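Sequences are here, hints too, so could you generate the full structure?
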Amino acid sequence: MENIFLVSLFIDSFPKLLSRLHITLYIVVVALLFGMLLGTYIAVVRLYKVPILSSLATAYVSFIRGIPILVLLYIVYIGLPLVVGFLGVNINRWDTMIFVMIAYVVNTSAFLSEIIRSAVAGVDLGQTEAAYSVGMTRWQAFRRIVAPQALQIGIPALGNTIVSLLKDTSLAYTLGVIDIIGVIKAITGNTYRSLEAYAAAAVIFFILSFMLEQVFKLIERKVGVKSAISNQG
Amino acid sequence: MGFQFDLSFFAYEISIAIQYIPVVLLLSILPLIVGLVFGTGIAIVRIFKVRILAQVFAVIVVFLRGVPLLLQLTILYLTVMLSFDSFAQALHLNMTSKDISYTLIAVIGLSINATVYLSEVVRTALQSVNSGQYEAAYSVGMTSCQMLRRIVIPQALPVTIPLIGSNFIGLIKGSAIASLISVVEIINATLFEANGNYKFLEAYLAAAIIYWALCIMVERIVAFLESRVGVYGKGGIV
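First to last, the sequence lines map onto chains A and B. The opening position of the first sequence corresponds to residue 1 in my numbering, with each subsequent residue numbered one higher. The opening position of the second sequence corresponds to residue 234 in my numbering, with each subsequent residue numbered one higher.
Note that these hints are calculated values from the structure, not bench results. Careful, some of the hints might be misleading.
[Claimed, not checked] Straight-line C-alpha distance at most 25 Å; calculated SDA-like pairs for lysine to any residue: (1) A:K217 <-> A:L25; (2) A:K49 <-> B:E452; (3) A:K185 <-> B:T312.
Quick caveat, the model's predicted, so the values are computed rather than measured.
Take a look at the structure:
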């Protein structure tokens with residue numbers, strides 16, 4: 001058993017891995033913030049059926065949601081410099097981290113826009129009509145009546161998406177980012193002795209995901225969510 | 234320097250990618266079926282609160298749901314590679330660790346992942362059926378098996394279909410991760426062709442198009458199934 005799993009190495013891996021935790025969290029937070037912004041914009045475009053933008057947005061969301069994150073990472077990493085280079089800007093010197101961020105923001109925005117869209121569309125139209133009938137403006141109706149109800153519908157899916165995002169960041173190492181997984185590759189360099197480190201990484205990710213799930217269960221109770229269906233995003 | 238995109242090479246890459254669609258389907262349909270079978274078993278054990286098994290399964294499910302697929306596959310791969318030689322010697326098999334098919338390891342790893350997620354899907358679906366239905370079935374004397382088969386499952390199906398569909402799409406995209414443990418599938422195949430001329434963007438875009446097409450087809454199938462199964466869904470007239 002000893003040449004398969006060394007418990008001492010397993011425990012020793014934790015400090016090394018946790019030293020790169022901030023990179024992983026950095027990616028999650030940035031992707032979430034900008035993904036939310038971009039996703040809201042896309043959702044609004046599709047909800048109001050803006051003439052050309054709406055079809056573009058639909059195609060964008062369908063494409064991004066339909067491809068593996070691994071493929072998207074490389075398409076952004078290789079494709080963005082080429083496309084922007086055509087316009088005369090040289091971004092080959094950019095830090096890899098920026099490309100990683102862009103890829104995760106793009107991915108998150110597509111999933112979040114779907115969640116926002118279906119959450120807002122899930123609120124009964126009668127609610128909006130009733131709000132107009134008592135004299136509320138469009139914005140008032142949205143802010144006071146539709147948004148809180150949409151929040152109730154969307155929070156479980158949002159929580160699932162954030163946990164999935166956390167797990168998806170595990171693929172950032174393929175572009176050379178030294179995050180939790182990247183540091184394992186950097187230290188062990190693809191030798192067979194990395195099993196203990198990967199097991200430690202698995203435990204770290206589990207603890208992070210578990211904590212996030214509990215936080216969201218708390219939020220769901222506070223917001224008053226009726227039911228929650230788990231989903232693999 | 235202009236933006237060069239080799240359309241003819243791109244078309245060639247798409248033809249290469251199409252040839253590997255069977256591999257992607259193998260890496261997603263097989264785990265889906267295995268996942269449904271074992272996932273339903275786990276879900277039923279947890280719903281009926283079988284003494285020790287329910288808690289054991291609960292811990293396993295909660296743990297594995299929090300671990301990224303990449304880590305699951307990598308750990309499985311390394312464990313098999315490290316332990317296979319001594320295992321084979323003990324059983325006097327004439328194989329070494331070099332003879333193991335990476336694809337088999339990937340299928341097993343994806344199946345375990347699928348089982349965990351699908352057990353949650355099935356559990357949610359079974360719980361979404363009004364508990365009054367369970368009680369009513371018992372009250373007319375049905376066994377658990379009859380109840381599940383005749384009353385609960387037909388009502389749980391409309392809830393399950395979209396969830397299984399999105400899980401299937403997740404499996405198709407998850408099969409891409411198998412490329413990181415040396416399985417020869419779409420990404421590796423298209424990349425291999427581009428190794429000579431460095432046209433990697435065409436390679437990745439071709440792979441992306443094929444994945445996109447597969448996911449769109451699955452979405453259409455799910456929409457079709459939803460319309461068919463919805464006949465007996467909630468709100469229908471009995």
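Right, here's what the structure says about each hint:
1. As the CA atoms of A:K217 and A:L25 are separated by approximately 20 Å, the hinted pair is consistent with the 25 Å bound.
2. For the hint linking A:K49 to B:E452, the alpha-carbon distance of about 22 Å falls within 25 Å, and the restraint holds.
3. For the hint pairing A:K185 with B:T312, the CA-to-CA distance comes to about 17 Å; that is within 25 Å, so the pair holds.
The structure shown violates none of the earlier numbered hints.
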